[in-house]
Structures are given as structure tokens and as C-alpha cells.
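S.K.: We have chain A already, so just place chains B, C and D on it with the hints.
Chains as they are written, first to last, in numbering that gives the first Met the number 0: chain A, 0 to 379; chain B, 0 to 379; chain C, 0 to 379; chain D, 0 to 379.
Hints may be right or wrong, so weigh each one.
Remember, identical chains collapse to one label, so a pair may be satisfied in a single copy or spanning two.
Said to hold, decoys possible - BS3-like cross-link-like pairs, simulated, lysine-lysine; straight-line CA separation at most 30 angstroms:
1) Lys-178 with Lys-155
2) Lys-155 with Lys-378
3) Lys-262 with Lys-155
Don't read these hints as lab results, they were simulated from the structure. The structure displayed is predicted, hence computed values, not measured ones.
Number of protein chains: 4
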Amino acid sequence: MAPLRLGMVGGGNDAFIGGVHRIASRIDNRFQLVAGALSSTPQKAKASAAALGLDPDRSYGSFEDMAEAESKRPDGIEVVSIVTPNHMHFPPAKAFLDRGIHVICDKPLTSTMKDAHAFADAVTATDALFFLTHNYTGYPMIRQAKAMIAAGEIGKIRVVQVEYPQDWLTEASENDGLKQAEWRTDPERSGAGGSVGDIGTHAYNLACFVSGLRATELAADLQSFVPGRQLDDNAHMMLRFDGGARGMLWSSQVAPGNENGLKLRIYGETGGLEWKQEDPNYLWHTPFGQPKQLITRGGAGSGPQAAAVSRIPPGHPEGYLEGFANIYSGIADAIEAVRAGDPLPDDAALLPGIQAGLDGMSFINACVTSSANNAAWTKV
Amino acid sequence: MAPLRLGMVGGGNDAFIGGVHRIASRIDNRFQLVAGALSSTPQKAKASAAALGLDPDRSYGSFEDMAEAESKRPDGIEVVSIVTPNHMHFPPAKAFLDRGIHVICDKPLTSTMKDAHAFADAVTATDALFFLTHNYTGYPMIRQAKAMIAAGEIGKIRVVQVEYPQDWLTEASENDGLKQAEWRTDPERSGAGGSVGDIGTHAYNLACFVSGLRATELAADLQSFVPGRQLDDNAHMMLRFDGGARGMLWSSQVAPGNENGLKLRIYGETGGLEWKQEDPNYLWHTPFGQPKQLITRGGAGSGPQAAAVSRIPPGHPEGYLEGFANIYSGIADAIEAVRAGDPLPDDAALLPGIQAGLDGMSFINACVTSSANNAAWTKV
Amino acid sequence: MAPLRLGMVGGGNDAFIGGVHRIASRIDNRFQLVAGALSSTPQKAKASAAALGLDPDRSYGSFEDMAEAESKRPDGIEVVSIVTPNHMHFPPAKAFLDRGIHVICDKPLTSTMKDAHAFADAVTATDALFFLTHNYTGYPMIRQAKAMIAAGEIGKIRVVQVEYPQDWLTEASENDGLKQAEWRTDPERSGAGGSVGDIGTHAYNLACFVSGLRATELAADLQSFVPGRQLDDNAHMMLRFDGGARGMLWSSQVAPGNENGLKLRIYGETGGLEWKQEDPNYLWHTPFGQPKQLITRGGAGSGPQAAAVSRIPPGHPEGYLEGFANIYSGIADAIEAVRAGDPLPDDAALLPGIQAGLDGMSFINACVTSSANNAAWTKV
Amino acid sequence: MAPLRLGMVGGGNDAFIGGVHRIASRIDNRFQLVAGALSSTPQKAKASAAALGLDPDRSYGSFEDMAEAESKRPDGIEVVSIVTPNHMHFPPAKAFLDRGIHVICDKPLTSTMKDAHAFADAVTATDALFFLTHNYTGYPMIRQAKAMIAAGEIGKIRVVQVEYPQDWLTEASENDGLKQAEWRTDPERSGAGGSVGDIGTHAYNLACFVSGLRATELAADLQSFVPGRQLDDNAHMMLRFDGGARGMLWSSQVAPGNENGLKLRIYGETGGLEWKQEDPNYLWHTPFGQPKQLITRGGAGSGPQAAAVSRIPPGHPEGYLEGFANIYSGIADAIEAVRAGDPLPDDAALLPGIQAGLDGMSFINACVTSSANNAAWTKV
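The following block holds chain A by itself, in its conformation from the complex (with noise of 0.2 angstroms):
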């Protein structure tokens, strides 16, 4: 089957999410990128599509442009992706939802909760499909314990231990011309959170993902240890859960030897799960009274949902980028399917989409009210 044609917002050429969004594009070879408005900088929109072997008449200077003419080809784009900074994924969005055209987005949502309650009405107001990347959820592990949690295989979950520490903040790049580091700590193109936003959301979004609980409230302390940073650096919370079970977040930009220490781990009333995002093809499980056992990606104990998204044999590593094109493989299912007329396939249910996008939103909000409030339980 051809290709689905892809378009692309953002993702220039020093932009890091973009290239990562195209190669986990082409790894099933389920997209072929076709149109692009990579820069609001027109030389650099255009250098970029260049580089990337775009045809010149579908570089566009900007989303609007690219929209309109691609809605109007016959071979236009079926589905664009949306890598800007965090206030400009809602314009684009809608630009082409409204067009019927599918829409892939980088996460958080927005940088407000305006942005994001208005971004779900457009979703709903069209039949295009909306995905959000909260990409680890495609690691194939957190597919097998997702599984494992559903089947019962822990028990009902008592705690819940989540941590996204990096680094890469410890001192002020901002101040010293690093782009990501600049619109990352910006209220302006971030919103208003900073780790929380960046990373924090995907450490609650993956803690919801696995467990299959809702958090009901938070209480969280963040901090902006660098002096002059805006937005939080740090931040330290205890969440509630539906049904009752527990939880602490971390996520930090000023913790030195992390990188992308994304670690979740998961009690229940029989046993436990852990998993770590930098060595992503192992998953512990611990069931009480017995020996620990480490299930690798495609060994013993791995099932039916690890296989579906992995491509090689057990011991010979997968990494983030296969985590990532897992999520882009699934929506090509689910788009194939809309263009099939048939029902959306079962495992569509596991990508993120706009409910993900607005929890996410709460969450960072939440977070932000909180810890304005010294760290009063806030509810999600």
C-alpha cells in the first residue's frame, strides 16, 4: 500500500522534535513527507525543505498557505504533523482539522487552557482524526505492562512512582543562545509550565497510560532553581488516584548525571512493575513472594501487545525512535481504516489524542495552582 502523504509544520532544519517526527515516519515506511511549512523564517523554510528533498512548490511560508493549497490538490496531504513550540500548535491544528485533514501534534496541547478548550471543540467539530505525541507510550514494554495491569497481574494498584529527571537546565541556557532552552523556559511559548510542561506531562500521562488510573487531585511544590528562570525547573508532587491509589512525580532540568531518567513503577496489592525509559527493552516485574523476573522486549513473559509494536528479535535493542514510530505506525492504521471506511482498529484506543491533550493541560495547571497555593491538593 502507498505511503500516506505527510505534511509538515515546523521541524526547520536546527529544530530537534522535527527530524525525530520524520524518522519515525519512515521507519514502517507507513508516510512519505511531502509539503512542508518548516520556518516561519521563509530562507529557512526553504533551505530546510531543500535539504529534505521537498518538491519547492510545496514549501510553504506558512501554515495558512500550506493548508489552503494542500487541501485543494488532488494528491494534497492526508495528515500533517505539527512541531512548533507549544503556542503555535493550536493554529495550525485547526487550520487543517478544519479542512479534514488529520492532525499529528507535538504535546503539551497548548500553552493555555483557552488554547486547548478551544482546540477540543475543533477536534470535535470534524471528522478528521487528532494524535498527540506522547510518544512513550509506543515503547513496547510499557505496551506489555499496560497489559499485565489490565490482566490483573499486580492486583489493584496501591502506588504509583513516576520521575522524569534530566539535566540539560542545571545552569542558564537560556542566556547563552541555546533556541530549545530559550522557548522551553518562555511563558510566552511554553505556557505556564516548565518541567512540568515539557516533561512532567509525560511522566503523568505515561503513570495514567500504565495503571489505567485517573488522578483525581495534586499537590505539588515546584521550584525555579536557576536564578531568573520564569518557569519551573523542578517540581515535587503527591497525587491521588481514583480507587485510591498513591503517587509522587519528579521531574527536574537541574539534576546533574540525568538525561531522560523517565522511570515508572507501579505497586498493587500482589505485585510490581518497573520500567526505565533509558533502557526501554527491559521490565521488571516483581510478584510478591516470588523471584524477581526481568522480561525483555520479545523474550519469555513478553506478549501479544509487545510483539505488535516491535520489529526485532529480543537482545537486539529498539530505542526511542522505534518508541516514537510505533505511535506514527498506529495512527497510519487508524487513518487507513477511516480511508477504508472501516472501523478503527482495536489498538487505536492506545494512541493519545485530544483527551490526552486536555489531561495534560489540566495537569499542568493543576500543578501551577498548586504550588501558587503552597502546594494545596488541586484537583486534576
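M.R.: Below, chains B, C and D without anything else, positioned relative to chain A:
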């Protein structure tokens, strides 16, 4: 030099911690156990004394008898170890302190704040020395970490992450005749804290010991997950320290797959440190902008503070008993200095005493109070 | 720039390595698969081609037809990947090389020494380029290790320890219809080496690639532990290298609990390096007399050679497919340079070619010969 | 029961292993050191005895005097530990054995085969017991591994991989006044083996102890990498065992980054086991076709053999000294049984004695002989 004459209160045949104290006292040949009131059950006291090779004349039926008799013997004990449940720490301690006999006591200090204050008064009123066995402070790499932080090797501290998960109370073992579980979950004998009293105090003490910081307030959310359990078996909390550092602490007895997972991570402006009790011969040092460094006990990068409490070369692991012995041997140094009329050795400042005991009681109290107030910030 | 036009011989639906080659070719968008002789079974060839979206006209029933037809098309393939069992590497390779089409071939080179020499002649006789996919050499931290050794960071090498244990042939799976097991244990299709041919060659190649040393002789003891198996499933050997370094190599397919446990440790006069394929983003550097250092891909201490073959920041793991893609993308660089009449890029020297293929065959031959002579030292 | 009266030959102030023996003897309170010939330098002997609190009358200037005097005292030593360099094991051992005093001796047995045979004769000729401190056999998880193999839990053994890398002789420390390095590299005092004698014997002993196999022949390649060094500082070898199992052994003192990296892996027809000395509380069990299992000392899956030699619960690490103490306490059990006229306890069969000593000497001899014959297979 002849070993110090040691007595013991508690620690009969089936107790865990009594045996640990005895081995710890023996490893460096600094103590000789010569007397005991090993159990409140006369039969058991006698049998235990025999098993330990004590002179039957010096196996006592009560700590009162022991204090009275030993204090009158010319060869009476110089120091006593108290290894009873928490509510039985203070009465014997007072009996010996009042007679000028040095006291080594298991933690936490007491089961009530009232006893704790009376305990402090008793220590103030005597010339005898008092020590509390926060034994984890005796691990060589903990001493190393403390020294590195004091020397500024990770800069001003921002974040303290500490946890102590276990799993031994995952089920209601207190109803199955497990004695250790019975008294640990009984407020009469343990005091107001369950996991926070038993292991949370260790985590808290270690975080303060290594960081050199004092906590000012905490917000705690305590749970009793096992139905019918009266004390917390899981606790989540956020901490604020003098000077602006922030922290999180998790203690749990219901996290399957965790045995004694005490773990401490401290991050400063220029680096981080990480240590795990179950692998105690390793210390990670993560200077910002440099490769992560693994310092081994006695290996390159391990300094004099670790060497002072090590017995064997790097790569031959020391463990829990050796760390415990370091506390005992430090106590022996202190007692011998006092006996000789010398000033206390510098390292005596590293030994936990009555202040650590009061701090631990304040911590337990603050946890319980905060949690009862829906995790309101509470002064420690 | 348009992707290179790629063909494939072998790699039909149920083959493992064909799919790997295809993903690797796609990750950096440097190749487009446009033709194939995907199976010797016509039905399967057709179905596989359809599944991959190939133009049916360019799905061939034999490599001969494909070589003939493609070499005549103006838009014919520029390069072909050969992913058949070992005994079927040389015939197709020769067919394409003779027509000036570049060849990428799976390892080991052939199933016989005779074929290997003829293969070398065919490579010599053509202007087309030839590459052998010793893919592990593409891992960023392997490139890093090689660069560090070349820069003298561990001093003159003394000891090389390399191993590649697996467990997938612990039982007689070749009798249970597992196709991969069938041909891997069949001397007609695999050649004289079992584990030494399949994975020993990888271990040997990697040790030489990273160390920069050449082995001079080896003493090997090969076993076929599974009754009835014709080829070795476990091999022990000692190695001697140019310049006095010594080594050991272990390959096994019968070591339960090992998936793809390729591990390389090299020790020089002033330091050591250690790397494991299953955790490929880490490289231990152990300078003598300093703390052990853990270098992460792209993190502090990771240099330009690793960066040149990395796509994403440290802490987001890359895996096997990305390492494989590094070989493919390096090949694309080389082919494009040739096409442009430019000299080969410097990094082309890092790509395994016919010499690596001959070395691998010599290695297999020496292993089998030595073992047949009771592990007598045998020239490589 | 009163501790056994222990004497010591060697082990003066600056010796490493003497202190280890003393702590090991003390941990379980089974021995009391009452006499010693602690150094051949009278001054040092006296000072060491004083530091240890020995009665000056029982600090002897020579082992001959000590054997003579102690054997005549009614309260004379019951057992003696010999912790001198290798060439000085046999003379004192014989002196005590001939007088019916039990002997505990450090390994390897002697520095020459001739002495070894005479040693065996002396053991045969006496009723006294003889023990060799292959201390690693005392680790609880080693006992566990041995029991699991004996119970068939990994099936018939195919492959044994054992290694013991260190780095302390990476440079020519023997020329820098390091006493330990001086005698370890001196054939007069150490015997014919360097690394193979000091640590290779441990690796070999442990492999045989756990597997229950006997080696039949080996092919060894020994090196002295440091210029001027007379004994091997690195050794590679292949092993063949009774019943068809094969193995590899690596010992090294010149592998930077390795402290005491003794590691044992054993693979059978149905599973594998893996253990590392530096993390001795863990045992990996890898049943074929099941998830890998991590058994912790005293945790689930850890059986009575480990429990018999454990003191504290899982998660509180025991180390090298406790493992060593297990040998000592096992010896105490045996001696007390003999004293009581009882049969030896079952576990006495686990204690290394004269046969282990002869086996170790045969091993060293075979290594040196094989290597001198260009790694020819040599009977062990």
C-alpha cells in the same frame, strides 16, 4: 586494649536486631558481651543467655535488676545496648544513664514525644554518653558522600530525593503470627508512625546526615493500604530544607520486589551523588558536564572518611554488618576517650545521638500531623 | 537529494534479516527499495513484493533476471542488498558486481573459502563498490571506543575479551521446523562454522575493528552440544594479536538467558573500555587509577565519531536498527561520492568490505581447523 | 559454648589477609585468638601481638616455639590459622598437624608440588583436621548455586565461564615497595603461578565447587605483560571437564577498572546461573524459555543452603567478611563435633580441605606446563 564490657537489654533468641548489634559489636573486637536482660520472658531470657555463653549470674530477669547489679560490680558493664521495641527504649535507657552507664539505643528514640523529651532530659542530666543506631550513617560511601558535599563537590544543594521501599508488609502478616510484624504495626509499641517510624526515620536521618541540611517543614500523605492496619504502611511526602533546597521522601512496606531499597540522591548546582543501600560499596558522582563517575569503596576517588571505616580493599564487598560495626567502633573510640579523660575524637561528631533521636521523633510527629491535616505543611 | 535506488535479493516475508536491511536503508531516507528477487519460491516472491509495494514489473523470479533487467533500465537500481543464506551470497553478488551495480551483502561472506576467493576476485574486477554488513561496527559507542583507542586513551593494548552468547539453539529447534535454525545448522547453506560463522565472526570483527589489531593465530575448541547437530553451537578460543596482545573469544547459541550478549572489553597499559550490545548507548572507560567513567552516547566524553552517527540526544536510546542504518547511510555517502566523481569520504574507511569478509572467512576456517587439530594454534 | 582457642601464624600489622581471618573468626563468636607467631620480625611480632591484646607470653618468635609451647599448655590453642606467604604454609602446618592441632591455611596450598605432596602426607598422618580458605565457597549464593545445580535445576552442564580480573598489578608496583606486590610476583615465595596462583586458583576452585565437575585437562596461554615481571599477570585458558562440559577461565591482574571481578556463569541443558563476587547477594537463574530470575540472598527462591550461612534478612547486604566467616564457622562446627566425638556435620563436606589444595596445585602446575608447551592440552 581489652574490649569494653557490654550489656544488652532485649535481643533474645528470636529477635532480629539484637543479633545484629552483637555481631556489630564484635567485628572489630572492641566490645565483649558480659551481661543481659535479654527478654521479659524469664525462660527465654535464660535460654538466650546460655546460648550466648553469658555467665548465668549476669543474665537478669529485668533491666532494673541489671542496672542495679551491674552498676555495683567492679567489673560491671561499661555500656549497654537497648534493642527492645520502641516503647521500651526509654525506661531502661534512663535506668542505665542515671547510673552513669553509657547507652546505645535502637531507633526511633521512643514511641511518644513525651518520652522523647524526658529521654533528652535524662541524657542532659548524666555524664554518660548516649548513642542512637542510625546505622546507615556508618556505611563508608555514606561518609564519603557527606564529605564530598561538605567540601562543595556538588555545589549548593537544590534537590534531595530519598526513598526506603520494602515489601514485607504487603500482606497482613501481623495477623499470621509474625512477631516483628505484630509490634511494628501496633501503635502501643511502635508509636504513631508505621513505615515512617521504622524506615522513614532512617531515610530522613540519612538525607540530613549526608546533605548537612535541616528540614524546616514537610507535607505528608500517609496510607494504611492493608485493611485493618492501624499504622501507615506507605508514606509520601515533600520536604523543604534550610537554605532553599527541596526534597521528596517515600517510605513503603507494601512495594513488592523491594527488600531494603533505601536510596539517596542529592543534586547541587554543579553535580549530583547517588547511593543505594543494597549495593553500598558504590557511589555515583555526576559532576555536571562530565561523564558519570562510579566511585567504589576504597577505590580511586574514595577518600579518608571512607577509608577510616573500611576494613578490606575495594572489590571485596563490605555490607550492612560492617556499616553497623562502624557505629559501634566509633562508639568504642568515644567511650575509651572519655575513660582516658581525653577529648572526644573528631569522628564522634558523626555518631547519631540524642539530637538525631529528637529529630526523628519530630519527623514522625510532623508526618502524622501533616497527614491528619490533609498534607498541610508542618514544621519539623 | 533523491534516495538511491535499491534492490534486494532474498528477504521475503518470513525472513528476519531482510526486514532489518529495509528499515536500516529507510531510517535516514537515503535509499528507496524499487526492485527485488525476494524469494526463490515464485509465489512468495510475488506476495512479498506486493506487501512491500514494489512495482510488480520489478519483482523478479531470480537474481539473474533482476540483474539483467535492472542493469538495462535507465532508472535501474544503483545498489543491491543480498540477504540470502550464506551459500547464496556469492552468485548474486557476482551477477550485480559484474554489471557495475554496487553490492551490500550480509555476513559471513560465503559458505566456502573457495567462494570467498572468487568473491574477492569479482570485487577486484569491478568498479562497483562492495560492502559487508558487520552492522555492530555502526553503533556510535563502538565508533567512540575505536577512536579512543586510536587516540591512545588506554595505551598499548594487552588484553581483548570478547563474547557473543545466545540461547536460541539450546534445544534442537532445527528439527522443529524453525527455518532460521534449519539453515544456520546446515553446513551446505551456512558453511563450516555454526556459532563461529553466525556470531563468532561478529565478535571477531568487532574486536579487530575497535582495537585496530589483527589476530595472528588462534586456538579453538568447538562443540556441538545438541545431539545430532552438525555445526558447532558453542566455541571457546584463545587469540594472539600483532604486537603481543592476547585475547579470548566465546560464542555460544546454547547459553540459556543470553539473547544477543555481544560484549567487548579491551585493556591497555593505562586503561580499559567495556561495551555491551544489549545496552549500546553506554561505554565504560576505566582509566587506571581513576574512578570508572560511564560515557553515554552523545553525553560528556562522547566525541565527534559518535556524534557523526547519532540522531537524537543522550538519554534517548538508539538501538540496533539505528546502528545498522549507520552502515547503510555511510554506504550512501560513499556511493554518492562515487556518483559525483568525488573521492570517498574519510568515514568510508570505517565500512566493512571485502577484506573484512575475507578476514571473517579466515577466522571461521581457522576455528574449524584448530578445533579439528585439538585446538592447535592456527594462523588466521 | 566457649569459643575455640585460636592461634595465628603470620598476619602481623601490615598484612591484609591476617586481619581478614581474625574478623572472620570473630563474627559468629566461635573462636578466640589467644596466641600468635605473627611475624618473623620479632619487633613486629611483639607490636602486633600487643595491638591485638594477646597475652605477651603467648606471642611467639617462631611457629616452632609456638607449636611446642601451645601443645603443652592445658589451655593451648585448639586450632591455628596460617596466613603467611605461600612458601611458608607447609612448615608451620606440619608442625601443628604433627602435634594434633587443627590447621586452617590460606590458599594456594604451597609454592611447590613437592611441598604439596608432603603436605598431603602430613594431613593423612594426623587425626587433626585441615582446612584451606577458599573463602568464596562460603558465600550464601554460591552455596545456593551449588545446591541448585546438584538438584538438576539447570540440567546437565555444558559450559562453564569463569573469570577473575583485577587491576592492581597494571603497573610494576613490585618495584615501588608494595610488599603485597613483591611477594606475589616472586616465584620463590609465591610459586610457579602469578595470577593463576593467586586468583586463578580461586576461580578454578569456585567453578568446580559450584558445578560439581572435575576438570580433566586445560590449555593455557600465560602472559607477563609488565616488563621484568617473572610470574604471569594475565592468563587465558580453555578447560575440559568430566562428562563433556567445556569451560574458559580468565585471570588477570592487569585489567584496569577491575577490582575483584570474580564472576561465574554456568549453563546447562535447561538453564543457566550467573554470580559476581562484587555483588554477592544476587544470583541470576535463567531457566530456558522463562523470564530471567534474580534471586536475592534469603529472598524468594533462596533455599536452606543459603539460609544456613546467612545472618540477616534479604536486602541488607552481606559481604566478603561474612562469606569468609561462613568458612570459619563451618570449621568450628567440624572441630566441635570432633571434640565431642560426634561424626562430622553434613556441611563439613562443603569445606575445602587438602584435596582442594592439591587440586589447586595441580591446576597451577598444569597452567604453567601447558603455557610452556604453547598451550598444549595438559592433564589437571
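S.K.: Of the hints stated earlier, which fail here?
M.R.: none
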